[in-house]
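Trainee: These are the residues of each chain, in order.
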Amino acid sequence: MAYLQMSILIYFFVVNGLYLLLFLFSCAIIIHYRLILRFRGPSEILKARVTPPISILVPAYNEERNIVSSVRALLELNYPQYEVIVVNDGSKDNTLGVLEKAFSLRRTAHVYHREIPTATVKVVYRSREYPNLWVLDKVNGGKADALNAGTNFSQYPLFCAIDADSVLERDALVRVIRPYMDRYGEVVAVGGIVRVANGCRIKRGIVEEVGLAKGWLPNFQVVEYLRAFLSGRVAWGAWNALLVISGAFGVFKKEPVMGIGGYSTETVGEDMELVVRLHRRMRKQKRGYQIHFIPDPVCWTEVPHQWRMLARQRNRWQRGLGQALYRNLSMFANPKYGSIGMLAMPYFFMVELLSPAVELFGYALFGIALYLGVVYWEAVVTFLILAVWMGIFLSLLSVLLEEFTLHRYPRVRNLLKLLFCAVLENFGYRQMTAFFRLKGLYDFARKENAWGFIERRGLEATH
Amino acid sequence: MSVSNWQLTFLTLSILGSNILGVMVASLVAILVVTKVTGIVWGRYKRKRETYLKSLGLEFLRTGNAEAKLRLKNLGRGDGVILKAILLELSEGLSGIEQSRATELYEFSGIADKEIGTLRRSRFWWLRAASAHSLGQMRVKRAKSDLVQALGDTNMEVRLEATWAIGHMGFVDTLPLIMESMSHFFKMAALRMDAFIFEMGAPALPLLLDLCKHPEQEIQLLAIHLVGEFKDPGTLKVLLSLLDSQNLEIRLAACKAIGSIGDPSGLSGIIPYLEDSAWQMRAQAAKQFGRNSFTPAIPGLLKCLEDKAWWVRLNAGEALSQMGEEGRIALKEALKSEDRFARDMASQWLDELEATA
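Respectively, the protein sequence lines represent chains A and B. Numbering follows the numbering used here, in which position 17 of the first sequence is assigned residue number 17; successive positions increment by one, without gaps. For any residue, its number in the numbering used here is found by taking its place in the second sequence, counting from 1, and adding 1000.
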């Protein structure tokens, strides 16, 4: 029992050390990035004649509530040349109908070129009002299939995959394109920070005022997103070992994605799986490449406001993570794949995949040992410091980092509320999400592959 | 060591770790409070002094009043920062005598010397970059050698700002140095150079044409792009010769540049490339014909509608749809083609034409 306790403590010790390391590294990168922005603002890129055009892909399944405002916002983005391709993936609701009405769509005789195999595209629509808006109406094949259809149809060298229930900042593309402007030949993908839209005032698809939701659950997720994006992904991106670019927002170079056959339709974590496969292909071919992450808040998304929905989402994410790692297992601890094989894959396996199991096992073990009286008090205190206390500090640091660098919550009240959430989320919320993720791990082992429906209120109703 | 000792060690380390984090959080909160308070105090001071300094500055710029100029000499550190910001802001819309006076005031108030010193000696790249930008914007010509030196800076932002500054002051002779310094940042460099290369005008063109044959591909590509943007038919000879380069990237860039110039003699020169062995080249050529509504290419484009590469067919169809009535007739003719793909593409673009009519 004592050795088991010690193993748990060592695990937590190492994990917290890694978190701290990632955080410190991210701090330096974010500060550097903010300094760069002083010299290269969005307006310069907007004026440039060499900005690469982008196709925005919006897979939509039963999105009649959000789709019009999302598309409207996309059509008002600040970017010199882009097209919006909405892929209606066999929705059972009136998604296509609301689009047809809102944007005066007309049927075209457009030829759909199926370079990556997808489910049948029935009709290609184009807006009469907005010539850069296309809608593909296809037979249901899942999100990955819809994204592949969009990629096939897109005419520009870069594509941006976003969720239909997300809202992009008006300058999102201008900001995310910066790494491509620096080294177009090498950059194959860029991800950006996704923020929680619940509580923000959104009108006609534009975030007018950033705020926090009334309920605690979305606000806990605000802190969680800050921690994940600001400290985790920023650092991995800088080491060119980023394994996840959120499906809610990412810009990819089309040619390498086509080269690996597009998104995989056999996983529920198609976003992560694609990025891992891109790394794999590039490293195998020994091609100089970069997958970047920009620490700018560029995309706002609605997060689950009910525990039930959160459980489904986290379950799916955990299964997706498991599938992405499992399908690329040959990269694990393989020096041929450099920092991906030796650092990122082991980290994601040991920390992201297994942590819910270890954490919950730790709670159970120390609880039982305490009950049986076979535990040293030093061990219990150490466990609490490592599992809860350090978690609080790391969350607080993330909130403070946001305040210092990005400062998207202008009201002092919101900052204080976030700091309070950073403390509170460690008592109940974190353990619950660990439980949902553990269930996801179990379902992954059972090869469960359902997507899991998540009910949304609609972006403009989240305030 | 017994298990208990291990646990004591862990406890000590964990407490130490959490203390470090605690100190970090407390320090950040303290810094946050200090930053906010300082910001408020500085903001108030700035607002108060800005009105006074701006009125003096404007008076000198408009009238050349020597007394106003004298009162702006030897300002304190805070006022110096405010005056610099005012001059940078004002100089954006200035020209002629007012611009010269702004530069004179910038020099006279000692800001130029400080900026040159910062550019030479600062250990912080963002300060060097800001100085380079400031010197360029205020057109301090005596800073040329320092700015040229900054083209070799280890930091890319400093190089970019120095590039901009040199270009803004119109030093044509530094062009090859700029290109070499920026060659690895193709799009960013092109973006910066697009803005000023045309201010340099015709004297820059011979240098650019030389650089089109530079051994480094990145420099070549950048130079070809910029030559295209000049839209000077006199450069076509060089660009046409690049169409037969061994390097596909160079050929594509040359084809695009010829399209940018849009001169019929150049466009005629790319008609044979509709039958090039590389599909990218065929697609690029088709695109340039559409962009310029170049009807002599119609027979070639009709053949391209039957191309085995989808992108070539797409671009050929689009090009025909951009050629007015002659293009429409050609697309209708393609509807009778034996090739199914050609018929599909023709019908797609005819449909587009009808919808937009």
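Just so you know, the hints here were simulated from the structure itself, not pulled from any lab data. Mixed in with the good hints there might be a few duds.
[Unchecked claim] Below are the PhoX-like pairs computed for lysine-lysine, each with C-alpha atoms no more than 20 angstroms apart in a straight line:
{"no.": "1", "chain 1": "B", "residue 1": "1073", "chain 2": "A", "residue 2": "417"}
{"no.": "2", "chain 1": "A", "residue 1": "47", "chain 2": "B", "residue 2": "1231"}
{"no.": "3", "chain 1": "B", "residue 1": "1073", "chain 2": "B", "residue 2": "1048"}
[Stated by the list, open to error] Part of the chain A face toward chain B, derived, beta carbon under 7 angstroms:
{"no.": "4", "residue": "35"}
{"no.": "5", "residue": "113"}
{"no.": "6", "residue": "382"}
{"no.": "7", "residue": "393"}
{"no.": "8", "residue": "400"}
By construction, the Cβ of each residue, glycine as well, lies at the ideal position given by its N, Cα and C atoms.
Trainee: Please go over all the hints and tell whether each is borne out by the structure.
Mentor: Here is what the structure says about each hint:
1. B/1073 / A/417: Given pair residue 1073 of chain B, residue 417 of chain A is violated - Cα atoms ~49 angstroms apart, limit 20 angstroms.
2. A/47 / B/1231: 19 angstroms, holds
3. B/1073 / B/1048: 19 angstroms, holds
4. 35: 5 angstroms, holds
5. 113: Residue 113 of chain A check passes; min Cβ-Cβ to chain B is 5 angstroms, inside 7 angstroms.
6. 382: With Cβ-Cβ at 5 angstroms, under 7 angstroms, it holds.
7. 393: With a minimum Cβ separation of about 4 angstroms from chain B (threshold 7 angstroms), the hint on residue 393 of chain A holds.
8. 400: Holds, because the Cβ-Cβ distance from residue 400 of chain A to chain B comes to roughly 4 angstroms (cut-off 7 angstroms).
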